[in-house]
Every structure is written in structure tokens, then in C-alpha cells.
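Peer 1: Protein chains in written order, with the numbering used here: chain A, 1 to 181; chain B, 182 to 338.
One or more hints might be untrue.
Just the calculated beta-carbon pair ranges, DEER-fashion [said to hold, decoys possible]:
id, chain 1, residue 1, chain 2, residue 2, range
1, A, L129, B, R303, 26 to 34 Å
2, A, L120, B, E285, 22 to 30 Å
3, A, A96, B, D222, 24 to 32 Å
4, B, D222, A, V56, 20 to 28 Å
5, B, S213, A, A121, 27 to 35 Å
6, A, C79, B, F325, 33 to 41 Å
7, B, D222, A, E132, 28 to 36 Å
8, A, A130, B, E285, 32 to 40 Å
9, A, P52, B, Q295, 51 to 59 Å
10, A, L120, B, D222, 18 to 26 Å
11, B, F325, A, R124, 28 to 36 Å
12, B, P326, A, R92, 46 to 54 Å
Negatives, chain A to chain B, calculated, CB over 10 Å [to be verified]:
id, residue
13, D16
14, S18
15, H44
16, M46
17, D51
18, G55
19, G66
20, G68
21, N101
22, E125
23, E127
24, E132
25, L133
It should be emphasised that the hints constitute simulated quantities derived from the structure, not laboratory data. For each residue, glycine too, the CB sits at the ideal point set by N, CA and C.
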Amino acid sequence: MMPSASAGSQLALSADSSRVRLARIALEAALAVPNVVAAEAGLHGMRVITDPAEGVLRGVSVTADGGGRYAVDLCLVACLAPLVPLGEEVRRRVQASAQRNGLAGQLSTVSVEFARVLTLAEVREGERLASELAAAALSVPVTSAPSAGVAPAASAGVSPSGLASTEAPVPRPSGEGETGE
Amino acid sequence: MAEQSTSGSESAAVATRGEGKRPEGTDTPLSSERGNTTIADTVVTKVASIAAREVRGVYDLGGSVSRAVGSVTQRVGIGDERTQGLSVEVGEREAAVDVTVVVEYGESIPKVSQAIRENVIRRIEGITGLSVTEVNVAVNDLYFPGDEEPKQPARVE
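Chain A extracted, bound-state conformation:
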């Protein structure tokens, strides 16, 4: 069944809703703070919000707080550093970003949870793995060989040079199972 025109307009509206925009700018602002490594969904995967434009945003949830305002909850992975000032910096940057985007009046509280911390060695190891995987993704050959008599066709995700798309997800550094200390 084809979606109706009204359903399409609702989708467009929800994509630009204050709640989703707040989630997006809060996550971007938090990840731009030095010593914040990543965001994750947290215990039971609760810190997740669906952004119709960009897919699922992991590490943030935005809940109505009354009076047309929204509370932002962030779940972050950080370097081993003093976390109280880091949380304050995240809060300050999220509020500044909301101000710039005209959403300051709709932002109530910004709660920050630090789910994990990574040592410097773990961060470097994660970066190394990410770069290795990115390089491996670049060098993956085309798996579907053209059958005899059929001209090769450009398939989605494969460039004309035969290299796989570089849009492979870059893994977040993970400290589990590493003994980088």
C-alpha cells in the first residue's frame, strides 16, 4: 500500500520536530567535546532515538519535561579523565548549540551518563583497528563475478574502479577484552 500524502507530510514534520533536532544537536555537540570518545545506547539500550532523516541516533534520548521543554539524556564513553568537569563541558556545549539553533527555550536539563571509560592505550588500539578496517574495506574485491557473456554492471556500493564503498561503518573503540594498560 502506498503511503498517503498526509503520511508523507507527517514524516517530514517529524523529521524537523524540536525533539529530534534537539537529540541531533545534543549528540553532535557531545561528541565534539575533547575526551568524549563515543556514545552508546547504555544499559538495556534505552538511550536511543529515531531520527527519520538520519536513522537511529544511539546514545541520546529526549523526553518531554512539561511546558514544551525537553530533557536530554546522553550516554557517553570517555577517556580516563576527570568526569565531572567533562560532564559540565558537555552540558555547556549542548546548551550553547541549542542556543545557536534557536532551541534554547525548549531545552530543560541535560543529563550525562558515563557508561565506560577508556585508557589512552585502548583509545589508540581502537583507532588502529578502525583504520585497519577502513583500509580493509577499501581493498575488498568485488565478490559477485560477472557471469560469462554478461557485461559487468555497476552495482550499488561499488565504485567503477572495483573498490567497495568506503561507507562501511567504522567501529567504535572497544575496551572489552583488551589489556592495553
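With the hints as your guide, set chain B onto chain A.
Peer 2: Chain B alone, transformed into the frame defined by chain A:
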């Protein structure tokens, strides 16, 4: 073979373990009108583990069973040596830590225990902003140099 002692910061002397509720309207470093900062248990565990290992005279963390299980789980990639020998309770603004250690033979156990306690408190309070109410240190074993199992010769050259 176990030495166990309990202590904490001075303010913790009258604190009840697990107590973490703050009076209404009181701002703490972790909580303000603009929002809260929450520290997960895993963060406190990791900080405590690193802090305990920093102390001279600490050979390893965990009892013999947890170390044996830990070595297996680490080999299959599902374990983290930093969590073995540690148990933490984390409230809104306070934390309590139990740590089990293996001390090197020849070191003064009371001194090592005190050093562990001081370093764990200093690191946790410095990094997380949580107040540490108590650090219980259990010395589970002594390590003698040369106790390691000899490496098995390679089957192929």
C-alpha cells in the same frame, strides 16, 4: 591467608554503605538544576582496578578461582582482567569498593593495604567526583617470585 580492613575518607566514617540520596535542593558536583552526571558501575570498577594495580607490592587482583576463570574468559575474548577481584556499589554521589589482591611476598601487607585504599579513594574521587565511603581490601594470596608456571616449549619450530 587474608587480611581485611575497612576505611574510607574522614567524612565517610559515619556514612552508611549504599547511602546516596541527597537532600532536596542541594547541588553537588554530580547534580545540579541543569542536569545530572551519572557514573556507571563499570567506570568505577575500572578506575579502582587501575588504581589498585598502581600500588607497589600488588601482584594481581582477584582470588585464585576468579583469576583462573578470568584467564580463560580473556583468552576467548569475553573477559576483562580489570573487573576481576573487584566489587563496587555506586550510588548517586557515593561509592564503596571491595578489592581482593595478591600481594608480593616480602611486602608489608598493612602498608600495601593502606596504600591501595588511599590510591583507590584518590583516583575514584578525582576522576568520578564520587565520594568513597569505604574500601575493603582482602589479601587473598601471596606471590613468590618464580611461582609462574614454566612456559611450555613450542611444539613446532
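Peer 1: A separate judgement is required for each hint: does it hold in the structure or not?
Peer 2: Here is what the structure says about each hint:
The given range of 26 to 34 Å is respected by A:L129 and B:R303, whose C-beta atoms sit roughly 32 Å from each other. Checking the proposed 22 to 30 Å range against A:L120 and B:E285 shows it holds: the Cβ atoms sit about 26 Å from each other. About 31 Å separates the C-beta atoms of A:A96 and B:D222, a value consistent with the hinted range of 24 to 32 Å. Hint check: B:D222 to A:V56, Cβ distance near 26 Å, so the stated range 20 to 28 Å holds.
Take B:S213 and A:A121: their Cβ atoms lie about 33 Å apart, and the range 27 to 35 Å holds. A hinted range of 33 to 41 Å for the beta carbons of A:C79 and B:F325 is consistent with their spacing of about 37 Å. In this structure the supplied range 28 to 36 Å holds for B:D222 paired with A:E132, their Cβ-Cβ distance being about 31 Å. Between A:A130 and B:E285 the beta carbons are some 38 Å apart, a value that agrees with the proposed interval 32 to 40 Å.
A hinted range of 51 to 59 Å holds for the C-beta pair A:P52 and B:Q295, which are about 57 Å apart. Taken as a hint, the range 18 to 26 Å holds for the pair A:L120 and B:D222, whose Cβ atoms sit roughly 22 Å apart. At about 35 Å, the CB distance of B:F325 to A:R124 agrees with the hint of 28 to 36 Å. The supplied range of 46 to 54 Å is met by B:P326 and A:R92, whose beta-carbon atoms lie about 51 Å from each other.
The claim that A:D16 is not at the interface with chain B holds, since no C-beta of that chain comes within 10 Å of its own (minimum 25 Å). The Cβ of A:S18 lies farther than 10 Å from every Cβ of chain B, with a closest approach of about 18 Å, so its non-interface assignment holds. Every CB of chain B is more than 10 Å from the CB of A:H44 (nearest about 13 Å), matching its label as outside the interface. A:M46, annotated as away from the interface, keeps every beta carbon of chain B farther than 10 Å; the closest lies near 12 Å.
For A:D51, the shortest C-beta to C-beta distance to chain B comes to about 22 Å, beyond the 10 Å cut-off, and the non-interface label holds. Every CB of chain B lies more than 10 Å from the CB of A:G55, the least distance being 25 Å, so the non-interface label holds. For A:G66, the non-interface assignment is confirmed: its Cβ lies about 15 Å from the closest Cβ of chain B, beyond the 10 Å cut-off. A cut-off of 10 Å between C-beta atoms confirms that A:G68 is not in contact with chain B; the least separation is 18 Å.
At roughly 18 Å, the least C-beta separation between A:N101 and chain B is larger than 10 Å, which holds for a residue marked as non-interface. For A:E125, the requirement that its beta carbon stay farther than 10 Å from each beta carbon of chain B is met, with the minimum near 13 Å. Listed as a non-interface residue, A:E127 keeps its Cβ farther than 10 Å from every Cβ of chain B; the least gap is roughly 19 Å. Taking the minimum C-beta to C-beta distance to chain B, about 17 Å, the non-interface status of A:E132 holds against the 10 Å cut.
Against the 10 Å criterion, A:L133 stays outside the reach of chain B, whose nearest CB is about 17 Å from its own CB.
Consistency note: the structure conflicts with none of the earlier hints.
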